[in-house]
Amino acid sequence: MRIKIHILMVLTAAFSATLAVPEVYADTASSREYQIKAAFLYNFLQFVDWPKEKIADANKPIIIGIIGDDPFGNVIEPLKDKPVEGRKIVIQRFKSFESLKKAGENDAAGAKQNIKALGECHVLFICASENKNLREIVESVKNSGVLTVGEAEGFLDVGGIVNFVMADEKVGFEISIASAKHAGLEIRSKLLRLAKKVIQEDAASGILGEEKRDSA
Amino acid sequence: MRFLQNMTIKHKLISITLVTCVIALLMAGASFIAWEWMALRQNMVRNLSTQVEMIADNCKAAIAFGDVKDATEILGALKAESSIVSACIHNKKGEVFASYSRDKTGGATDLVYMPRPIELKKSGYVFENGLLNILQNIVLNGETIGTVSIRSDLTPMYVMLKRNTVTTIAVLLLAFLAAYFVSSRLQAIISRPILSLATVAKIVSEQKDYSTRAQKQSNDEVGLLINAFNEMLEQIQQRDLVLVNTNEELEVRVKERTAEITGVNEQLTKEIAVRKQAESTLRENEEKYHTLFDTANDAIFVMKGDKFADCNIRTLEMFGCTKEQIIGHSPYRFSPPTQPDGRNSQEKALEKINAALAGQPQFFEWTHVKYDGTPFYVEIGLNTFELKGGMHIQAIVRDITERKKAEEELENLNRELEDTVEKLTLSNRELQDFAHITAHDLKAPLRAIGTLADWISTDYGDKLDETGRQQVRLLVKRAERMSGLVDSILQYSEVGRVVKEKTKVELNELIKDVILDIGPPDNMEITVIKELPTILCEKTRMRQVFQNLLSNAIKYMDKPKGRIDIDFGENDEFWKFSVADNGPGIEAKYFEKIFKIFQTLAPRDELESTGIGLSVVKKIVEMYGGRVWVESEIGNGSTFFFTWPKEESEAANNDIKLEANLVG
Chain A
12 MRIKIHILMV
22 LTAAFSATLA
32 VPEVYADTAS
42 SREYQIKAAF
52 LYNFLQFVDW
62 PKEKIADANK
72 PIIIGIIGDD
82 PFGNVIEPLK
92 DKPVEGRKIV
102 IQRFKSFESL
112 KKAGENDAAG
122 AKQNIKALGE
132 CHVLFICASE
142 NKNLREIVES
152 VKNSGVLTVG
162 EAEGFLDVGG
172 IVNFVMADEK
182 VGFEISIASA
192 KHAGLEIRSK
202 LLRLAKKVIQ
212 EDAASGILGE
222 EKRDSA
Chain B
723 MRFLQNMTIK
733 HKLISITLVT
743 CVIALLMAGA
753 SFIAWEWMAL
763 RQNMVRNLST
773 QVEMIADNCK
783 AAIAFGDVKD
793 ATEILGALKA
803 ESSIVSACIH
813 NKKGEVFASY
823 SRDKTGGATD
833 LVYMPRPIEL
843 KKSGYVFENG
853 LLNILQNIVL
863 NGETIGTVSI
873 RSDLTPMYVM
883 LKRNTVTTIA
893 VLLLAFLAAY
903 FVSSRLQAII
913 SRPILSLATV
923 AKIVSEQKDY
933 STRAQKQSND
943 EVGLLINAFN
953 EMLEQIQQRD
963 LVLVNTNEEL
973 EVRVKERTAE
983 ITGVNEQLTK
993 EIAVRKQAES
1003 TLRENEEKYH
1013 TLFDTANDAI
1023 FVMKGDKFAD
1033 CNIRTLEMFG
1043 CTKEQIIGHS
1053 PYRFSPPTQP
1063 DGRNSQEKAL
1073 EKINAALAGQ
1083 PQFFEWTHVK
1093 YDGTPFYVEI
1103 GLNTFELKGG
1113 MHIQAIVRDI
1123 TERKKAEEEL
1133 ENLNRELEDT
1143 VEKLTLSNRE
1153 LQDFAHITAH
1163 DLKAPLRAIG
1173 TLADWISTDY
1183 GDKLDETGRQ
1193 QVRLLVKRAE
1203 RMSGLVDSIL
1213 QYSEVGRVVK
1223 EKTKVELNEL
1233 IKDVILDIGP
1243 PDNMEITVIK
1253 ELPTILCEKT
1263 RMRQVFQNLL
1273 SNAIKYMDKP
1283 KGRIDIDFGE
1293 NDEFWKFSVA
1303 DNGPGIEAKY
1313 FEKIFKIFQT
1323 LAPRDELEST
1333 GIGLSVVKKI
1343 VEMYGGRVWV
1353 ESEIGNGSTF
1363 FFTWPKEESE
1373 AANNDIKLEA
1383 NLVG
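Taken in sequence, the protein lines are chains A and B.
Counting from 12, one number per residue, gives the positions in the first sequence under this note's numbering.
Counting from 723, one number per residue, gives the positions in the second sequence under this note's numbering.
Please keep in mind that the hints were generated in silico from the structure rather than gathered at the bench.
One or more hints might be untrue.
Unchecked claim - The following label-pair restraints were derived from C-beta to C-beta distances:
1. D60(A) / Q764(B): 32 to 40 angstroms
2. Q764(B) / N85(A): 45 to 53 angstroms
3. D825(B) / S41(A): 43 to 51 angstroms
4. D60(A) / V888(B): 49 to 57 angstroms
Glycine included, C-beta positions come from ideal geometry on N, C-alpha and C.
When you get a sec, could you build the whole thing from the sequences and use the hints?
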């Protein structure tokens, strides 16, 4: 029990170090988890290098997209006030991939437009509600330089780049360097060090294999 | 410093070089070490900064994602650096996020070694307690998300420093030795010529050998010095020569002067001796005077105003008191209230003192009283003298009590004598009167006897025999003689008894009368040598004088042809008459006797003389203030002189006469 509290404290500390969490949120396990995940999303911005063309216009905001049923609620809102390298952060929410496609059926151009909007995001968090559409979503933004972040098992296998995992009630993440490379993203080693699991360059070939960090 | 001054030049030079070297080396060494120390520190800081920066960079993600394990691992890499004692990562809140400790014993003690955050927002370093603390902020996206601090000990620096210091010291020592070696060789360049110069100077000063010369070895200042020294020696040598000559001259002069001075000295010694003699004489005199002053028979004292200021011993004896009892008192304290003349003592004394002060020495008699009141008589002489600007009175006081007594006695005696004389005069007069009366009274019976004898001779001459007649004749003769005697006595007694008025007497006439009266024998020649004057006198007496003198000459004449010369002389006061005869003369021993009454030189019967004549002369002459005397030689006659005082009018007359003569 003592250890738990300790870890919680550390987590809280780590989170608060990067992102001030409003006190108004209900202090539930779920909301705490998403607080941390929100902070992680923000921190990823600092250890990932986007292709130049993606960040060419310094005046344009950095877009964090959230697709599916938003689990963050208000927790994510403070990110908007914390610019990264002078660039504002915009949270863009998408209802679901289905609805995007539907909109496209009605109007092909519109759908295309909507799906294209996904590709304009810098970070795209795919909520658990979209687990069935993971492959499609990942495919749709594959070459758009979008850091896809999911929280589903096997996310990396379908081409996702970062996947949140829970270990010992602690939020961790996995990274697929191969997917990142495909997306034209560069992930810093510092971030890689922290990843619970890193899928190297060619996951399919398996030559390099996957590196798995042992967790204490 | 004295120690330095007494060192030889050689040692001084070496010392100077060495001291300079040591100072330079020490300064260089010290600066080197100091610089080294600074450099090492900087180096260390730099190294550590690099490390801490790396750590800060490496653990950014760990902090961002709260990965303690990762952060701890990163810190764990510091193990490679043995000097790092501990390291710590703090989060934004200042809480320990991860830590590392070299001497890990585990648990909470780790925290003891934790470097504390210096200041969260500031990177930097600080040396503290021999430890270097360095802090680096961890900045992510422009935001400080934590700090990394490392604490390192300074062992590597000290090790380096020690090694460098040891090396430096070794180099210093070597340099010092080298400097010593070099300087002890090189100092000779400077010291050798100076030392040789010093040696020469010593020889010159000890042996007085001015012919020695120093060897010149270089052309620097020492060379100049040696040149100058040699020149100086040259000059000294020359001057020495001159000096020797001068000295000889001087010696001669000194000898002369010494002789002179000796002479002067001897003279001086003599003079001093003389002066000493004079001084001792002076002292003796002083003593003498002092003794005189003290032992004087007279009291001598000094008064200031009317107070005693000083006195001699005799004064104290005289007044019967001590010095303290008299000094400061006035003389009338020692006097009775009044003096014998009835005057107040004080008044009179002041009068005398003032008179003396006015410059009139006083001499007077005084009655004093002793301290106990006994009176005594003195004679006082007052004189003034000036001493130290003040007028003083010197009084010499002689006790005349004894003399006074003697005087009184004398006075008494005199008075007695006067009484006696008076009595005597009275009795003398009575006697004279008695003689006169007796003589006068005797005359009548004598005349009667003479007449009677005459009658007998006449009437009874024929009746008497020859013897009878002879005796009657003798009787008549004796009666006549008796009558003469009585007449003479009468004459004598009458002198001075009856004083008659003086008249002008023409002496020539008077002599003629006298000669006529006497009727001298024919063989007598009486001559008046020059005309006699007319004088004012009692004629009878004068006649008596001449009559007696002439009678006397005639009476004793023994020559067949007698001669008598009458002469006179005069001066202002008296006449001097002389009657000279050529008679038998008188022995000198009788010159006085002949003028006494009843004295005759011839036997009574030989010459009819009463022995009164000359005494009458003497009596008359002396009565009138003249003198009578005789000058005579046996066989050559006698000259009787007598003087007769001139009356005042006579002297005046003479003057007139003289004047008349002058006019005429």
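Quick check: which numbered hints come out false for this structure? none
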